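**Student:** Using the hints, position chain L against chain B.
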Amino acid sequence: MSEETPKISVRGLRKSFGEKEVLCGVDFDLQKGNSLVVIGGSGTGKSVLLKCILGLITPDAGEILIDGINILKLPPFERTRKTRQIGMLFQGAALFDSLKVWENIAFRLIYGDRKSSASARAAALERLAQVGLPPEVANLSPAELSGGMQKRVALARAIAAEPKILFFDEPTTGLDPITADVINRLIVDRVKAVGASAISITHDMVSARKIADEIAMLHKGRIIWRGPADEINSSGNPYVDQFVNGRAEGPIKMALKNA
Amino acid sequence: METLNPAAQFGRAAIALLAEIGAISLFALRGAFAWVSGPFYTREFISAAIRIGFNSLPVVGLTAVFTGAALALNIYDGSARFNAETFLPQILAVSIVRELGPGFAALMVAGRSSSGMAAELGAMRVSDQIDAMSTLAVDPFKFLISPRILATTIMLPFIVLVADLIGILGGWAVAVYALGFEGATYIRNIDSFLTTEDVTSGLIKAGVFGFLISVMGCYYGYKSRGGAQGVGGATRSAVVASAVAILASNYIMTSLFVDF
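In order, the protein sequence lines correspond to chains B and L. Throughout the first sequence, residue numbering follows the numbering used here, covering 1 to 259 in sequence. Throughout the second sequence, residue numbering follows the numbering used here, covering 1 to 260 in sequence.
These are calculated hints, taken from the structure and not from any lab test. Keep in mind that this is a model prediction, so the values were computed, not measured. Be careful, since some hints might not be right.
Claimed, not checked - Listed next, the in silico EDC-like pairs over lysine to aspartate or glutamate satisfying Cα-Cα at most 20 angstroms (straight line):
(1) Lys164/B - Glu120/L
(2) Lys220/B - Asp204/B
(3) Lys100/B - Glu120/L
(4) Lys220/B - Glu170/B
What the hints assert, rightly or not - Far from chain L, some chain B residues (derived; all Cβ distances over 10 angstroms):
(5) Gly41
(6) Thr83
(7) Ala123
(8) Thr173
As the list claims (entries may be wrong) - Incomplete in silico selection of chain L near chain B, CB under 10 angstroms:
(9) Ile15
(10) Glu120
(11) Ile130
(12) Asp131
(13) Ser134
(14) Val138
Glycine is no exception: its CB is placed at the ideal position from the N, C-alpha and C atoms.
Okay, chain B solo, but in the shape it has when bound (with noise of 0.2 angstroms):
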């Protein structure tokens, strides 16, 4: 590892819904321009991990670093403006549909920046071009696209500010392996191209292989194994290779109930 500051630090993160508890201990970082891909059944807690690091979610213990700074401990404002240098792609795709596409991947230079009109749309086309879409689409509402236009509209308007850091909560889910591979391209272009730091998280192991740097592999609220990309199949941990070759057998069971 490097002397850098890790970009991000979780340590000890822990998490529980009433009675069950979603994060038991997480720990990981993150370096600078490092692409982190966390693997896991449904319901082992991906996106609260990433809802937690975002703010939308407090933990009930732990720490969450970014640039070395415990976020947990700032005050909201502070706090907010730490966690503004996140761009994140949902599930979803969650494009605001009152309106139209072009508004909707300038909507933070608009209402959050301030930025003029003209040259928010300016730069709306320009991202709506890096994701390959027609600038026709940009006077589209979001309905009228199909799933796979959803998400790189969706990640036009996350990448939009150049964000320092990206999430990528299941990019390719419900997509077809084209247009997944077409969105997997387009996450690694676009995060070399932005300089960013981002942690994905999916249960596409194609997809998993194409983005990540680093794998991560959360079970039960920990991560219990972590290691290059090019060594998933190579982990000796019996649960990393039954979830990445997909087996019905062996030590994980499937939870029945979503987190």
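**Tutor:** Relative to chain B, chain L alone:
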């Protein structure tokens, strides 16, 4: 066994109710003042004001004209029993301006806008749009909640003013065309009888009702969980809670106003 104890059940329900009222109060405070530290989203405010205020006028107007008309018949019939029919215009005007105008208008807006807000915000919540907004450096309380609360609170007195006029007009039509009153006298009687306090007390009520309607609509929408069913539940809760809040606060405010 504890769950079968009626006292324990009652206690638990009471605690849950108090906790809910506390949560709604905190939400209302945050929603009402989030815009103070800026930015204030003027476009959202204006679009909410048009949606809630202007677009409610037809339904509120219809409610008011029929209420005024029916009220005229009832007052005439009732007061005839002690030969007091001539006071119909005054009784009708006071009833509408102080009680029925604000009450009916608020209940109609509650049915229309409180449910609309709960459904819209609920759908945004369950499709992650509210979380997405936070990650785009825009505070949902400033962008979604404050404009709706301010717009409803400011617009409802205007809606009630229109409802008052139309309600009195409905009573006028029945009085003149069915009950044989003289049109100009009817208006003159109301004009010399009504006090400013009669009207303003109704408008103050309207502002409070507007606040309650929007807080309930926003609260239940913002907190909704679990897909279409959750959004449906949020809509229902918003309308029921608004109606109860309107009627309860109406009694409290009336008891304060009639004392002065």
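**Student:** None of the hints should be skipped; say for each whether it holds.
**Tutor:** Structure-based check of each hint:
1. Lys164/B - Glu120/L: Violated. Lys164/B to Glu120/L sits at ~32 angstroms, over the 20 angstroms cutoff.
2. Lys220/B - Asp204/B: Cα-Cα ~19 angstroms, so holds.
3. Lys100/B - Glu120/L: Holds, at about 17 angstroms.
4. Lys220/B - Glu170/B: Cα-Cα ~19 angstroms, so holds.
5. Gly41: Given a closest Cβ separation of 21 angstroms, the condition holds.
6. Thr83: Violated: least Cβ distance 8 angstroms, not greater than 10 angstroms.
7. Ala123: 14 angstroms, holds
8. Thr173: 13 angstroms, holds
9. Ile15: At about 17 angstroms, which exceeds the 10 angstroms cut-off, the nearest Cβ of chain B leaves the hint on Ile15/L violated.
10. Glu120: Hint on Glu120/L: holds, closest Cβ of chain B at ~8 angstroms, below 10 angstroms.
11. Ile130: 9 angstroms, holds
12. Asp131: Result: holds, 5 angstroms to nearest chain B Cβ.
13. Ser134: 6 angstroms, holds
14. Val138: 5 angstroms, holds
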